[in-house]
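Fit chain B to the known structure of chain A by using the hints.
Protein sequences, first through last, are from chains A and B. Taking the numbering used here, the leading residue of the first sequence gets 1043, the next gets one more, and so forth. Taking the numbering used here, the leading residue of the second sequence gets 1043, the next gets one more, and so forth.
There may be inaccurate statements among the hints.
Since the list gives no way to pick out one identical chain from another, each pair is judged satisfied if it fits inside one copy or across any two copies.
What the hints assert, rightly or not - Heads up, simulated DSS-like pairs for lysine-lysine below, C-alpha to C-alpha not over 27 Å straight-line: (1) K1153 with K1063; (2) K1052 with K1154; (3) K1146 with K1052; (4) K1091 with K1057; (5) K1123 with K1063; (6) K1085 with K1144; (7) K1085 with K1057; (8) K1144 with K1112; (9) K1146 with K1123; (10) K1112 with K1146; (11) K1153 with K1052; (12) K1153 with K1091; (13) K1154 with K1112; (14) K1085 with K1154; (15) K1144 with K1057; (16) K1153 with K1057.
It is worth saying that the hints were derived from the structure and are not from the lab. All of these numbers come straight from a predicted model, not from anything done at the bench.
Number of protein chains: 2
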Amino acid sequence: MNFLEERINKDGIVKAGNVLKVDSFLNHQMDIALIEEIAREFKRRFHDKPVTKVLTIEASGIGIAVFVAKEFGVPMVFAKKSKSINIDGDMYVAEVESFTHKNKNQIIVSKKFLSADDRVLVIDDFLANGCALQGLISIAESAGATVEGLGIVIEKGFQIGGRVIRNLGYHLESLAIVDAMDTETGEITFRDQSAQ
Amino acid sequence: MNFLEERINKDGIVKAGNVLKVDSFLNHQMDIALIEEIAREFKRRFHDKPVTKVLTIEASGIGIAVFVAKEFGVPMVFAKKSKSINIDGDMYVAEVESFTHKNKNQIIVSKKFLSADDRVLVIDDFLANGCALQGLISIAESAGATVEGLGIVIEKGFQIGGRVIRNLGYHLESLAIVDAMDTETGEITFRDQSAQ
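Excised from the complex, chain A in its bound form:
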């Protein structure tokens, strides 16, 4: 069991409806030492990629992506979820459905910050049905950029997102893959990734 799986076992809370709450250390309160360890692990897994930009989506991806960007020594860009009056018209757009909030958002990235020369590492905290990641991939490819890889902190292995993105040929690394959760006992079953 890796450091993240241990922490999820210790502080994650399983709720009805396949909800895994990790808000005490990952996506509401953030344990900075843990986030730094997560960032170093992504650097280790993607160390051979010539990453020029880390791309994520607001909000909870941001606090992780900045530390990953620091590891690679590159800027971080975060996609925004709705059109702001402060953003120019010249932007990449993708449509994203939110499992959590049960709605659809446009996500946008200014064309100034992604180009065909960019080699992008996409980072997010959760992967479930994969809509957010697909939106980020779509935006990177609209820019003509290369998606060097995708780094996820927690993947829900019993939902389809991870399989779809791996089937499309992308290099996806999830630091913890939850294959099952028991609402009664609170037990969490992680996929064995030790062979990789």
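Using the frame of chain A, we list chain B on its own:
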């Protein structure tokens, strides 16, 4: 002129309607080395405060607040803008008006992550009319926590927020205070804070 004012002069863009775009380095694309320098400067200005938690609001505050939290060796908590099905009912709530998006949001923080023992440093990227900061102060005080100070990257000195919060007696530090912007010439006038 400090390092931040120099960067704003170099890369900030003045737009009609008193909009200052700093999206190439602060709140869409983030220059990590600059953000780290900002965090070190907040640590310097609040070094004598016994901070136990850094508090901010999604989304663009997060990438700054995590580095400030790292400087202080404490967790970061970010307020969320709307009720998520993943958040327990047991939370602090404040109402916040958004100047940028012309709407009202409830912001929420789980009661698990702020208590009467906490000494809070509030961090955000922008201060204009001060609604977001007032909401964060209200949440900290609902918890019985002490607000040790508020750190802002860019304050619009010609709007009322900074004056209100200083008049209330809070220790507010803004790394750059913009007193005027000229849409025609693009010139930005910073408040002289060198005497402080």
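Hints versus structure:
For the identical chains of this complex, K1153 and K1063 are inter-copy neighbours only, at 15 Å across copies versus 35 Å inside a copy, given an alpha-carbon limit of 27 Å. Taking identical chains as interchangeable, the C-alpha atoms of K1052 and K1154 lie at most 27 Å apart only when they sit on different chains, with a minimum of 16 Å there against 42 Å within one chain. For a Cα distance limit of 27 Å, the shortest separation of K1146 from K1052 qualifies neither inside one copy, at 33 Å, nor across copies, at 37 Å. When the C-alpha separation of K1091 and K1057 is checked against a cutoff of 27 Å, the pair qualifies neither within a copy, at 37 Å, nor between copies, at 38 Å.
Taking CA atoms no more than 27 Å apart as the test, K1123 paired with K1063 passes in both settings, with 22 Å inside one copy and 18 Å between copies. In the homo-oligomer, the alpha carbons of K1085 and K1144 never lie at most 27 Å apart, since the shortest distance is 33 Å inside one protomer and 40 Å across protomers. Neither within a single protomer nor between protomers do K1085 and K1057 lie at most 27 Å apart by alpha-carbon distance, with minima of 32 Å and 38 Å respectively. In this assembly of identical chains, K1144 and K1112 lie within 27 Å of each other by CA distance neither inside one copy nor across copies; the values are 33 Å within and 34 Å between.
Taking the closest pair of Cα atoms, K1146 and K1123 come within 27 Å of each other both inside a single copy (10 Å) and across two copies (16 Å). In this assembly of identical chains, K1112 and K1146 lie within 27 Å of each other by CA distance neither inside one copy nor across copies; the values are 31 Å within and 34 Å between. In the homo-oligomer, the alpha carbons of K1153 and K1052 lie at most 27 Å apart only across protomers (20 Å), although the nearest pairing inside one protomer, at 42 Å, exceeds that limit. Taking identical chains as interchangeable, the C-alpha atoms of K1153 and K1091 lie at most 27 Å apart only when both belong to the same chain, with a minimum of 23 Å there against 41 Å between chains.
For a Cα distance limit of 27 Å, the shortest separation of K1154 from K1112 inside one copy, 21 Å, qualifies, whereas the shortest one across copies, 30 Å, does not. Proximity of K1085 and K1154 under a CA criterion of 27 Å is satisfied intra-copy only: 26 Å inside one chain copy versus 32 Å between copies. When the C-alpha separation of K1144 and K1057 is checked against a cutoff of 27 Å, the pair qualifies only within one copy, where the shortest distance is 18 Å, while the shortest distance between copies is 35 Å. Within a single copy, K1153 and K1057 get their C-alpha atoms only as close as 40 Å, which misses the 27 Å cut-off; across copies the closest is 18 Å, which meets it.
Taken one by one, the earlier hints fail for this structure at numbers 3, 4, 6, 7, 8 and 10, listed in ascending order.
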